[in-house]
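Turn these sequences into a full structure, and let the hints guide you.
Protein chains: 2
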Amino acid sequence: MDNNTYVVIMAGGIGSRFWPFSRTNYPKQFHDVLGTGESMLQMTARRFKDICPPENIFVVTNKDYESLVKAQLPQLSDNQVLLEPVGRNTAPCIAYASYKISLLNPNANLVVAPSDHVVLKEQVFTDVINKAVAAAAKDDVLITLGITPSRPDTGYGYIQYINDETKSIKKVKTFTEKPNLELAQMFLNSGDFVWNSGIFIWNVQSILRAFRQYLSEISEIFEEGASALNTPEEQNFITRAYSQCRNISIDYGIMEKVDNVYVLLADMGWSDLGTWNSLYTINNKDENGNVIDGEVLLYETRDCIVKTPKERLVVLQGLEDYIVAEYDNVLMICKKSEEQKVKEFMADAKSKKGADYI
Amino acid sequence: MDNNTYVVIMAGGIGSRFWPFSRTNYPKQFHDVLGTGESMLQMTARRFKDICPPENIFVVTNKDYESLVKAQLPQLSDNQVLLEPVGRNTAPCIAYASYKISLLNPNANLVVAPSDHVVLKEQVFTDVINKAVAAAAKDDVLITLGITPSRPDTGYGYIQYINDETKSIKKVKTFTEKPNLELAQMFLNSGDFVWNSGIFIWNVQSILRAFRQYLSEISEIFEEGASALNTPEEQNFITRAYSQCRNISIDYGIMEKVDNVYVLLADMGWSDLGTWNSLYTINNKDENGNVIDGEVLLYETRDCIVKTPKERLVVLQGLEDYIVAEYDNVLMICKKSEEQKVKEFMADAKSKKGADYI
Chain A
1 MDNNTYVVIM AGGIGSRFWP FSRTNYPKQF HDVLGTGESM LQMTARRFKD
51 ICPPENIFVV TNKDYESLVK AQLPQLSDNQ VLLEPVGRNT APCIAYASYK
101 ISLLNPNANL VVAPSDHVVL KEQVFTDVIN KAVAAAAKDD VLITLGITPS
151 RPDTGYGYIQ YINDETKSIK KVKTFTEKPN LELAQMFLNS GDFVWNSGIF
201 IWNVQSILRA FRQYLSEISE IFEEGASALN TPEEQNFITR AYSQCRNISI
251 DYGIMEKVDN VYVLLADMGW SDLGTWNSLY TINNKDENGN VIDGEVLLYE
301 TRDCIVKTPK ERLVVLQGLE DYIVAEYDNV LMICKKSEEQ KVKEFMADAK
351 SKKGADYI
Chain B
1 MDNNTYVVIM AGGIGSRFWP FSRTNYPKQF HDVLGTGESM LQMTARRFKD
51 ICPPENIFVV TNKDYESLVK AQLPQLSDNQ VLLEPVGRNT APCIAYASYK
101 ISLLNPNANL VVAPSDHVVL KEQVFTDVIN KAVAAAAKDD VLITLGITPS
151 RPDTGYGYIQ YINDETKSIK KVKTFTEKPN LELAQMFLNS GDFVWNSGIF
201 IWNVQSILRA FRQYLSEISE IFEEGASALN TPEEQNFITR AYSQCRNISI
251 DYGIMEKVDN VYVLLADMGW SDLGTWNSLY TINNKDENGN VIDGEVLLYE
301 TRDCIVKTPK ERLVVLQGLE DYIVAEYDNV LMICKKSEEQ KVKEFMADAK
351 SKKGADYI
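Heads up: the protein sequence lines correspond to chains A and B, in order. Quick note on numbering: the first sequence equals residues 1 to 358 in the working numbering. Quick note on numbering: the second sequence equals residues 1 to 358 in the working numbering.
Hints in this document: simulated from the structure, not taken from any laboratory. Owing to the predicted nature of the structure, the values given are computational and were not obtained by experimental measurement. Fair warning: there could be bad hints in the mix.
As the list claims (entries may be wrong) - Heads up, simulated DSS-like pairs for lysine-lysine below, C-alpha to C-alpha not over 27 Å straight-line:
no. : chain 1 : residue 1 : chain 2 : residue 2
1   : A       : Lys353    : B       : Lys310
2   : A       : Lys341    : B       : Lys350
3   : B       : Lys335    : B       : Lys353
4   : B       : Lys350    : A       : Lys285
5   : A       : Lys336    : A       : Lys350
6   : B       : Lys336    : A       : Lys336
This is the structure in structure tokens:
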């Protein structure tokens, strides 16, 4: 464990593809999605316990989720919880955390990770992160963890790498946004594409250098106000700063543009758990291929995922390949193959029925 | 309106084919099933307002539903609410009411009707009942209302009648219990079968005579204890009497055996609303054939019946021909064509999950 290692957990999303379970007032990362007794955020934080000291873990979230984060991770000091006034995608979030941490420790090596992914092989994860941190400490490189694809998933970004077998950390050739199915199948067949996990490792000076070069309008905002960071003025400054930042992802703003990007292949039992199908995939099935989290009686029902409140008995007959999800004031029944429509449902629920349902 | 006309509303059932909406502690007849603002029981009682004086309406129910009946029909005196200690099917229920009313008025003409049927053409109903009552007052006949079948329904009993076009009240040839689909189709094609509505009209002396002849073990019980009826001793006597009565229907015990049974054809927009499909059939459909009672967003959803609490938003995608019903602590999703399994679901819910769910 290295005192120069810092972790930035991004916990500001609302997980809309996981509606109606993930909700604006209680998003996915705060749920015990897998039924293990820990929320996704708690699992994510615990995953770093052998990687850095607890005081080096920072969580960036929306100000609306401040109390949720502090309740779930009471070990964090106030200075370790970074509050965004509004979501502006990953680039401003990472800039904020990077500038703040650079002032605490200019030699910091950062691990940036989403709060709502699952990693089944935790020891592999620890080893991979330590390896990446060592590489980032040594060279001016931006490293992302790549996952060998098991299916032509159209929900992930893909990374093509230069397959030099003598090197464990591979140079990236191209980043690709979410492909269509045909392209995803080609990527899968080619063998030199991996899924972009969205977990990044770099030295804080490397990422700040990249911001100055490729997202200078963001770096200028933070450099101008840097003296407010880690002071009582920080929150006021951040409110102003975010009002000036545009919405842009780190992938689009930096990773796709720089030439010192590397990927470290990580066979760590990873899923972004971004969708109902990914939750279905990662869970154990009953003898009829159903994933059940709820009190159910099933008849002629196959290959479904059911996630419903324990206090309600759910009787299903004659359903095949459906999502059945009830949470709070919403019940959704949708074919698994049509889950991309969940965002449309959510938008319709808001516009036609009211904001209480999203 | 004739002071000799009495109405017996049978309201002791639990409507198990309508689970999970109909529940042991709140059966179907007490629900506003059609969303009209009145329960089935209240609609049934109101249907007789032009047929007999209000003090001539009697309701037979389970003692567990005493407060529900009295709350929904506050105009009834205590002596008009007959409480069964336990359900013993229709024969003991009708015997109890008949003996009790015969002591109040030995010339009574009785109309016996279930509490959970729907009649859309109320004026036709009034006319038909008055006609039947007049016939029953004149002759020693047992009359049932017959419904011209519109489909080969396997959920109803059928009555074959002798089609003498000179007579409006037809002599019954045979009673048939619920047939299989092939037989039901034959009945439908033949043209001389009607559905047995379970609504009966007879003079009280005619039905008591039939009890003495065909169900003497029941008539003896009530004749022996008749002096307790309409006195403070009535309930104690009834508790004893029901413990001695076997479970038997009026159809099986009397109607199928006697030879003075007649049927009056009644085109009165009738449904027993016994099942989800009958509720589907009687309701207005949206442009995709859906019957909706709830707050819904529908996508690629056709020919479904949805009955869910107003406070829950229900999002359905890709469902065709399903029942989606939520009530209290149970959610059921079942193909419309498989609704006969509802009784199995209910039995399983009780045995595997507990009595709270039924």
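We went through each hint and held it up to the structure:
no.: 1; hint: A:Lys353 <-> B:Lys310; result: 12 Å, holds
no.: 2; hint: A:Lys341 <-> B:Lys350; result: 36 Å, violated
no.: 3; hint: B:Lys335 <-> B:Lys353; result: 22 Å, holds
no.: 4; hint: B:Lys350 <-> A:Lys285; result: 25 Å, holds
no.: 5; hint: A:Lys336 <-> A:Lys350; result: 22 Å, holds
no.: 6; hint: B:Lys336 <-> A:Lys336; result: 21 Å, holds
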